[in-house]
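Once you know that position 223 of the sequence shown is 271 in my numbering, the rest is easy, because the numbers rise by one and skip nothing.
Honestly, I wouldn't trust all of these hints.
The following label-pair restraints were derived from C-beta to C-beta distances [unchecked claim]: (1) Gly139 / Glu263: 39 to 45 Å; (2) Ala143 / Glu91: 19 to 25 Å; (3) Val68 / His134: 36 to 42 Å; (4) Phe54 / Asp198: 39 to 45 Å.
In silico lysine to aspartate or glutamate, DMTMM-like type, Cα no more than 25 Å apart, as pairs [claimed, not checked]: (5) Lys207 / Asp163; (6) Lys207 / Glu256; (7) Lys207 / Asp192; (8) Lys247 / Glu209; (9) Lys207 / Glu226; (10) Lys247 / Glu221; (11) Lys207 / Glu232; (12) Lys207 / Asp108; (13) Lys207 / Asp280; (14) Lys247 / Asp280; (15) Lys247 / Glu232; (16) Lys247 / Glu202; (17) Lys207 / Glu221; (18) Lys207 / Asp79; (19) Lys247 / Glu226.
What the hints contain is simulated information worked out from the structure, not anything from laboratory work.
Note that the coordinates shown come from a computational prediction; the quantities given were computed from them, not determined experimentally.
Even glycine gets a Cβ: it sits at the ideal position worked out from N, Cα and C.
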Amino acid sequence: MNEQEFLAAYDPRAYPSVAVTVDVVALTIRDGALHLLLIRRGEAPFAGHWALPGGFVRPDEDLTAGARRELAEETGLGGEALRRVHLEQLGSYGAPDRDPRMRVVSIAHLAFAPDLPNPAAGSDADEAIWLPVTALTSRQLAFDHGRIIDDALERARSKLEYTPLATRFLTAEFTISELRAVYETVWGHPLHAGNFHRKVLSVPGFVESTGTSTERGGARGGPRARLYRAGDARLLHPALLRPAHEETVR
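Starting from the given sequences, assemble the full structure and let the hints guide the process.
Next comes the structure, spelled out in structure tokens:
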């Protein structure tokens, strides 16, 4: 039997049905706090529970396209703005009982960008909100989304140590103080301003000067701050370790 004959006779119904979904952990910084995009489900299962934006992968799209589509539907982002969002696969979640409808495997994605707009609930959601990560414990979460969120937050915090992805939370030009605020917000720890400034500038390719400065000095006066943009480094060497991790390597 050649391949064409095999495919003509192949019956997928001979195997158990398994569906594939994508879930998106979208993070942004609003009002100086790390926020997470959640929707309140309007339909069973888990009607009324909060969940990550996501849905079933369409037959004609790959996983990344599905994740971008779901993010666009919940945030209203499109075109160039959507392409600027950092999006990466986080992991796969396939416990047999994670979805009461049928066997569903979810490919979770992590997304973050600056100034993401107010969300608009999709067709299967009653409400969509940006929720401060610190308020997560007050929400009933659907499926295994609590585990997915925990994994995503650890991934984000870890990647800020070893990669320049903190710059994706900022606009194209930023000050070192604004960059430090991203680290403090995502890590949940205050950082020494002088030490952070020195460490950032000592990492080759992390940031590069624009040659310009802010229009005004700080809130308390003083000189205008220099403006920087993301450099071409993909990994930070030396890494910028979280305070707790710095203690373990000393």
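Exercise. Can the restraint linking lysine 207 and glutamate 226 be considered satisfied, given a maximum Cα separation of 25 Å?
Worked result: Satisfied, since the Cα-Cα distance of roughly 18 Å is no more than 25 Å.
Problem set entry | Distance restraint hint 39 to 45 Å, applied to the beta-carbon atoms of phenylalanine 54 and aspartate 198 | holds (44 Å)
Exercise. Can the restraint linking lysine 247 and aspartate 280 be considered satisfied, given a maximum Cα separation of 25 Å?
Worked result: holds (17 Å)
Exercise. For the pair supplied as a hint, lysine 247 and glutamate 221, is the alpha-carbon distance within the 25 Å limit?
Worked result: holds (19 Å)
Exercise. Is lysine 207 close enough to aspartate 192, meaning Cα to Cα at most 25 Å?
Worked result: holds (23 Å)
Exercise. Can the restraint linking lysine 207 and glutamate 256 be considered satisfied, given a maximum Cα separation of 25 Å?
Worked result: Holds - the C-alpha atoms of glutamate 256 and lysine 207 are around 20 Å apart, at most 25 Å.
For this session: Just tell me: holds or violated, for the beta carbon distance of glycine 139 and glutamate 263 against 39 to 45 Å?
Result: At 43 Å between Cβs, range holds.
Exercise. Between lysine 247 and glutamate 202, is the straight-line Cα distance small enough, at 25 Å or below?
Worked result: holds (22 Å)
Exercise. For the pair supplied as a hint, lysine 207 and aspartate 163, is the alpha-carbon distance within the 25 Å limit?
Worked result: Status holds; Cα separation ~20 Å.
For this session: Would you check the hint for lysine 247 and glutamate 232, treating anything up to 25 Å between C-alpha atoms as holding?
Result: Holds, at about 15 Å.
Exercise. Are lysine 207 and aspartate 79 close enough, with their CA atoms no more than 25 Å apart?
Worked result: holds (22 Å)
Exercise. Are valine 68 and histidine 134 spaced within 36 to 42 Å by their CB atoms?
Worked result: Because 23 Å falls outside the window, the suggested range is violated.
The earlier numbered hints that this structure contradicts are 3 and 12.
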